[in-house]
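Chains as they are written, first to last, in the working numbering: chain A, 1 to 474; chain B, 1001 to 1474.
Quick caveat, the hints were computed from the structure, so don't treat them as lab data.
Hints may contain errors.
Stated by the list, open to error - Label pairs and their in silico Cβ distance ranges:
id: 1; chain 1: B; residue 1: Gly1093; chain 2: A; residue 2: Thr154; range: 14 to 24 Å
id: 2; chain 1: A; residue 1: Arg369; chain 2: B; residue 2: Gln1453; range: 53 to 63 Å
id: 3; chain 1: A; residue 1: Thr154; chain 2: B; residue 2: Met1460; range: 22 to 32 Å
id: 4; chain 1: A; residue 1: Asn377; chain 2: B; residue 2: Asn1328; range: 19 to 29 Å
id: 5; chain 1: A; residue 1: Leu331; chain 2: B; residue 2: Asp1324; range: 46 to 56 Å
id: 6; chain 1: B; residue 1: Gly1093; chain 2: A; residue 2: Leu104; range: 49 to 59 Å
id: 7; chain 1: B; residue 1: Asn1328; chain 2: A; residue 2: Leu242; range: 25 to 35 Å
id: 8; chain 1: B; residue 1: Gly1172; chain 2: A; residue 2: Leu104; range: 29 to 39 Å
id: 9; chain 1: A; residue 1: Asn112; chain 2: B; residue 2: Asn1153; range: 15 to 25 Å
id: 10; chain 1: B; residue 1: Asn1153; chain 2: A; residue 2: Ser200; range: 31 to 41 Å
id: 11; chain 1: A; residue 1: Leu242; chain 2: B; residue 2: Gly1093; range: 55 to 65 Å
To be verified - Capping the alpha-carbon separation at 16 Å, the derived lysine to aspartate or glutamate pairs in EDC-like fashion look like this:
id: 12; chain 1: B; residue 1: Lys1441; chain 2: B; residue 2: Asp1420
id: 13; chain 1: B; residue 1: Lys1350; chain 2: A; residue 2: Glu73
id: 14; chain 1: B; residue 1: Lys1273; chain 2: B; residue 2: Asp1319
id: 15; chain 1: A; residue 1: Lys325; chain 2: B; residue 2: Glu1224
id: 16; chain 1: B; residue 1: Lys1412; chain 2: B; residue 2: Asp1442
id: 17; chain 1: A; residue 1: Lys63; chain 2: B; residue 2: Glu1073
id: 18; chain 1: B; residue 1: Lys1229; chain 2: B; residue 2: Asp1250
id: 19; chain 1: B; residue 1: Lys1063; chain 2: A; residue 2: Glu224
id: 20; chain 1: B; residue 1: Lys1362; chain 2: B; residue 2: Glu1400
id: 21; chain 1: A; residue 1: Lys229; chain 2: B; residue 2: Glu1224
id: 22; chain 1: A; residue 1: Lys431; chain 2: A; residue 2: Asp118
id: 23; chain 1: B; residue 1: Lys1325; chain 2: A; residue 2: Glu224
id: 24; chain 1: B; residue 1: Lys1229; chain 2: A; residue 2: Glu224
id: 25; chain 1: B; residue 1: Lys1441; chain 2: B; residue 2: Glu1417
id: 26; chain 1: A; residue 1: Lys441; chain 2: A; residue 2: Glu416
id: 27; chain 1: B; residue 1: Lys1069; chain 2: A; residue 2: Asp135
id: 28; chain 1: A; residue 1: Lys318; chain 2: A; residue 2: Asp293
id: 29; chain 1: A; residue 1: Lys350; chain 2: B; residue 2: Glu1073
A quick note: this is a predicted structure, and the numbers were derived from the prediction, not measured.
Glycine is no exception: its CB is placed at the ideal position from the N, C-alpha and C atoms.
One letter stands for each residue in the lines below.
Protein chains: 2
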Amino acid sequence: MEKTKKEYCYGTCLLTSIVINILLTTYILLVHICSESGFWWVDIKPFHRRHRHEREELEIGYKLSWSAKAAGEAEAVAAISCSGHGRAYVDRGVCECYSCYTGLDCSQLSPNCSADADSGDPIFLEPFWMQNAADSAVVISGWHRMSYVYNDNTLMSSELEKYIRKMHSIVGNAVTQERYLVFGIGSTQLLNAAVYALSSQNSSSPSHVLASVPFYRVYKTQTEYFNSKTFNFEGNTTSWKLNNSSNNMDVVEFVTSPNNPDGEFKTSVLGGKTIYDHAYLWPHFTPIPGPSDQDVMIFTLSKLTGHAGARFGWAVIKDKDVYDKILNYILLADLGISKDTQLRVLKLLKAAVKDDGKPLFKFAYKTMRDRWERLTNVISKSTRFSVQQRHPLHCNFFNETRLPSPAYAWVKCEREEDEDCGAILEAAKIKGRAGSVFGAKDRYVRLSLIKSQDDFELLMQRLSELVLVENGNT
Amino acid sequence: MEKTKKEYCYGTCLLTSIVINILLTTYILLVHICSESGFWWVDIKPFHRRHRHEREELEIGYKLSWSAKAAGEAEAVAAISCSGHGRAYVDRGVCECYSCYTGLDCSQLSPNCSADADSGDPIFLEPFWMQNAADSAVVISGWHRMSYVYNDNTLMSSELEKYIRKMHSIVGNAVTQERYLVFGIGSTQLLNAAVYALSSQNSSSPSHVLASVPFYRVYKTQTEYFNSKTFNFEGNTTSWKLNNSSNNMDVVEFVTSPNNPDGEFKTSVLGGKTIYDHAYLWPHFTPIPGPSDQDVMIFTLSKLTGHAGARFGWAVIKDKDVYDKILNYILLADLGISKDTQLRVLKLLKAAVKDDGKPLFKFAYKTMRDRWERLTNVISKSTRFSVQQRHPLHCNFFNETRLPSPAYAWVKCEREEDEDCGAILEAAKIKGRAGSVFGAKDRYVRLSLIKSQDDFELLMQRLSELVLVENGNT
Chain A
1 MEKTKKEYCY
11 GTCLLTSIVI
21 NILLTTYILL
31 VHICSESGFW
41 WVDIKPFHRR
51 HRHEREELEI
61 GYKLSWSAKA
71 AGEAEAVAAI
81 SCSGHGRAYV
91 DRGVCECYSC
101 YTGLDCSQLS
111 PNCSADADSG
121 DPIFLEPFWM
131 QNAADSAVVI
141 SGWHRMSYVY
151 NDNTLMSSEL
161 EKYIRKMHSI
171 VGNAVTQERY
181 LVFGIGSTQL
191 LNAAVYALSS
201 QNSSSPSHVL
211 ASVPFYRVYK
221 TQTEYFNSKT
231 FNFEGNTTSW
241 KLNNSSNNMD
251 VVEFVTSPNN
261 PDGEFKTSVL
271 GGKTIYDHAY
281 LWPHFTPIPG
291 PSDQDVMIFT
301 LSKLTGHAGA
311 RFGWAVIKDK
321 DVYDKILNYI
331 LLADLGISKD
341 TQLRVLKLLK
351 AAVKDDGKPL
361 FKFAYKTMRD
371 RWERLTNVIS
381 KSTRFSVQQR
391 HPLHCNFFNE
401 TRLPSPAYAW
411 VKCEREEDED
421 CGAILEAAKI
431 KGRAGSVFGA
441 KDRYVRLSLI
451 KSQDDFELLM
461 QRLSELVLVE
471 NGNT
Chain B
1001 MEKTKKEYCY
1011 GTCLLTSIVI
1021 NILLTTYILL
1031 VHICSESGFW
1041 WVDIKPFHRR
1051 HRHEREELEI
1061 GYKLSWSAKA
1071 AGEAEAVAAI
1081 SCSGHGRAYV
1091 DRGVCECYSC
1101 YTGLDCSQLS
1111 PNCSADADSG
1121 DPIFLEPFWM
1131 QNAADSAVVI
1141 SGWHRMSYVY
1151 NDNTLMSSEL
1161 EKYIRKMHSI
1171 VGNAVTQERY
1181 LVFGIGSTQL
1191 LNAAVYALSS
1201 QNSSSPSHVL
1211 ASVPFYRVYK
1221 TQTEYFNSKT
1231 FNFEGNTTSW
1241 KLNNSSNNMD
1251 VVEFVTSPNN
1261 PDGEFKTSVL
1271 GGKTIYDHAY
1281 LWPHFTPIPG
1291 PSDQDVMIFT
1301 LSKLTGHAGA
1311 RFGWAVIKDK
1321 DVYDKILNYI
1331 LLADLGISKD
1341 TQLRVLKLLK
1351 AAVKDDGKPL
1361 FKFAYKTMRD
1371 RWERLTNVIS
1381 KSTRFSVQQR
1391 HPLHCNFFNE
1401 TRLPSPAYAW
1411 VKCEREEDED
1421 CGAILEAAKI
1431 KGRAGSVFGA
1441 KDRYVRLSLI
1451 KSQDDFELLM
1461 QRLSELVLVE
1471 NGNT
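Just chain A, same shape as in the assembly:
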């Protein structure tokens, strides 16, 4: 009897144990079968703790083969900490420190380092892309689009073209219906392509290329460099107009609106052929009053999403003949834009137009508005320095009246003796870009407000120190 009881107990235990055996084996087999059955498998780890918010999006996991190695490399490098004052990129894999920071992990601040507000590097948008890492990453296979052309025999991705048009229609900053698009290496290349396309075809009467002071220096340096028989750079529109009153002259005018350096909306002065440089016509820099509808409008990714390094721009063109000419320039200059870059830009724009662009533009506008508030707060305490006036305008995109928050502060030294404003700032450890670079007086200096937060903080610190000195506090 006792033995039967013991036997019964053994039997139950054995049965339980076997059931557990079967369950565990089934679990293991299931995981493996799922992972073998296709590309996508459900991540069924129940006691898998999810540390980061982002993980939530990734409940559906991926069973990867050839892309796993590259993805692992990219994530390992991205995980390298550079103390928030530098960045490690996958092509080098070590911390590259922002200016004024040094050390292997960029933790050391160089004392007495100058604030660099010279370049228009749009790093202020970097945090947005780090917050949207999963949506903006792209994997390029070794065999991705090796051909010179897309399947429709063009040099441009029609998919990317679609998203550029979508972006303009969301923002309402440019008419693109029934307009032609051409991609270029940044807006830089397209500026020159447009000059060639709009210029006289006859070397005996070259076109006059002009811009209105203060203007972006590249118009001059580039046009002079290429030195074609069909055009000459003639400098400032207004001074040229005084000496050339006849109306029938062949002019090509650069109109930068909003303007670099001062953020002003500009229109044509000469009334001839125009190249509208709309690099800064985005809601984070200016209220959008309505869609621009010019003959040739040039945009750049750099000032939209912040990817200056990708070298991508586009022209929106009304006239078929001008379109053909700009396309021909791109074909002869370099057979079009890198297919890898076009793929990446597509991915970035797909992420940028999400929720009708609200997340991107809200982030970007808020950053610029905050920076302007802090800047004007400091400058308001000074009588020695001033910045450009800003006028409120209705923004169709945000549907409210707002002050512009331009990419650059156009600073003026007000004291009569401060003729070289750049030197005054330089002495106070602030690097700007001198007015004369833009054809203006050196009483003006351009300060970039679109660089990294570190750069901006240091700029604020140095400016505050300078204004404190002015007010007798040292």
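Here the structure of chain A is known, so what remains is to put chain B in place on it, guided by the hints.
Chain B alone, transformed into the frame defined by chain A:
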């Protein structure tokens, strides 16, 4: 007694079952602990069948976060079958069929389709990159190198420069020690940059730009298009030399070696300033007799790894002054090359130099040699058509004497009445590039041998048909 035996049996079974339970539980826990412990985890699935050779490399798996989505997308698109006659790319995600194939999965061959041997699209290398998928894939994060410049304030990745120098030193085709490198948008942009850099700085005495017939048409179209006051394109070297015997003229001569279209090694005819276009100076097209050591040498990724769509080339430059000028051209034309492209090219070159480049160049050479064998076999049966003579040379890279296997067949119609060889071939459904495009007679046609296998097979079929007709068999 019997019961004790039964009991003993139960005991053993239970013990075994419990041991199995413990083992299974340990296995499951181990997998989960490993996968939680960091970025890298060992894929310890023992009964995981590996279908593909590639899987072997991936015994180390990755626990991914932000890159997983993009990687999953890329692999899902790569897995789309296009019947071997098309390719789906991640920017569109649908089959794009090669010429002559149609249908959603590219399975239908269009009857009577012409063989297209016109363009220099180097798709013959695509299979190599599909075979080396894991080593050549690259993941680009949304925040990858947003700045205009690298950390050293240049527009060029020093890491990439290192690998380009390494490639040249492995192949032995160019001296790069104590030489300057500049990157461009394909070799195309660098050709023009070099013309500007080498030309007269004085508009009153423009430089004469020339090339030797037959030559690559872009030298002419591009130089004429940019139409600078400092240079003029003057056409063919030999005919120009007859009319301009004075030695002190300022000339810039394009020397293409091996030559496009005929594959000949070329040297300078005029003895003035030269731009050596070495696009085809790689072991798959020609035996490498030794390192070239010219003042300005231009290379392109397109004809090295087959990535024409990436638009990447480089110049190797001896003189500091010329280097500064070419760098300045790139700066003014478009502020340098896309950082995304530079990252991808780095990854491709890292894969290309593996095992001292042997896998890449063996694959590429074998493909070209096989194609030339089949081509010469067909042409040998014809008296109506001929191709260029090929002469064996010692190849330092492969360390043996070999015949060249140029990128293009330079076909001649031998019958006196066949003055328009392109039209003869066109009638037989073969598209080539007419001799006159290269400044030669239309009795010649260039046929591209570096396109996809499908294109080559169709070319062989149409050529064989044509030769059969010639020999009285229809």
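Now the hints, each set against the structure:
no., hint, in the structure
1, B/Gly1093 with A/Thr154: 14 to 24 Å, "holds (18 Å)"
2, A/Arg369 with B/Gln1453: 53 to 63 Å, "holds (58 Å)"
3, A/Thr154 with B/Met1460: 22 to 32 Å, "holds (29 Å)"
4, A/Asn377 with B/Asn1328: 19 to 29 Å, "violated (41 Å)"
5, A/Leu331 with B/Asp1324: 46 to 56 Å, "violated (28 Å)"
6, B/Gly1093 with A/Leu104: 49 to 59 Å, "violated (42 Å)"
7, B/Asn1328 with A/Leu242: 25 to 35 Å, "holds (33 Å)"
8, B/Gly1172 with A/Leu104: 29 to 39 Å, "holds (37 Å)"
9, A/Asn112 with B/Asn1153: 15 to 25 Å, "holds (20 Å)"
10, B/Asn1153 with A/Ser200: 31 to 41 Å, "holds (38 Å)"
11, A/Leu242 with B/Gly1093: 55 to 65 Å, "holds (58 Å)"
12, B/Lys1441 with B/Asp1420, "holds (8 Å)"
13, B/Lys1350 with A/Glu73, "holds (14 Å)"
14, B/Lys1273 with B/Asp1319, "holds (12 Å)"
15, A/Lys325 with B/Glu1224, "holds (14 Å)"
16, B/Lys1412 with B/Asp1442, "holds (9 Å)"
17, A/Lys63 with B/Glu1073, "holds (11 Å)"
18, B/Lys1229 with B/Asp1250, "holds (14 Å)"
19, B/Lys1063 with A/Glu224, "violated (54 Å)"
20, B/Lys1362 with B/Glu1400, "holds (13 Å)"
21, A/Lys229 with B/Glu1224, "holds (11 Å)"
22, A/Lys431 with A/Asp118, "holds (6 Å)"
23, B/Lys1325 with A/Glu224, "holds (14 Å)"
24, B/Lys1229 with A/Glu224, "holds (11 Å)"
25, B/Lys1441 with B/Glu1417, "holds (13 Å)"
26, A/Lys441 with A/Glu416, "holds (13 Å)"
27, B/Lys1069 with A/Asp135, "holds (8 Å)"
28, A/Lys318 with A/Asp293, "holds (9 Å)"
29, A/Lys350 with B/Glu1073, "holds (14 Å)"
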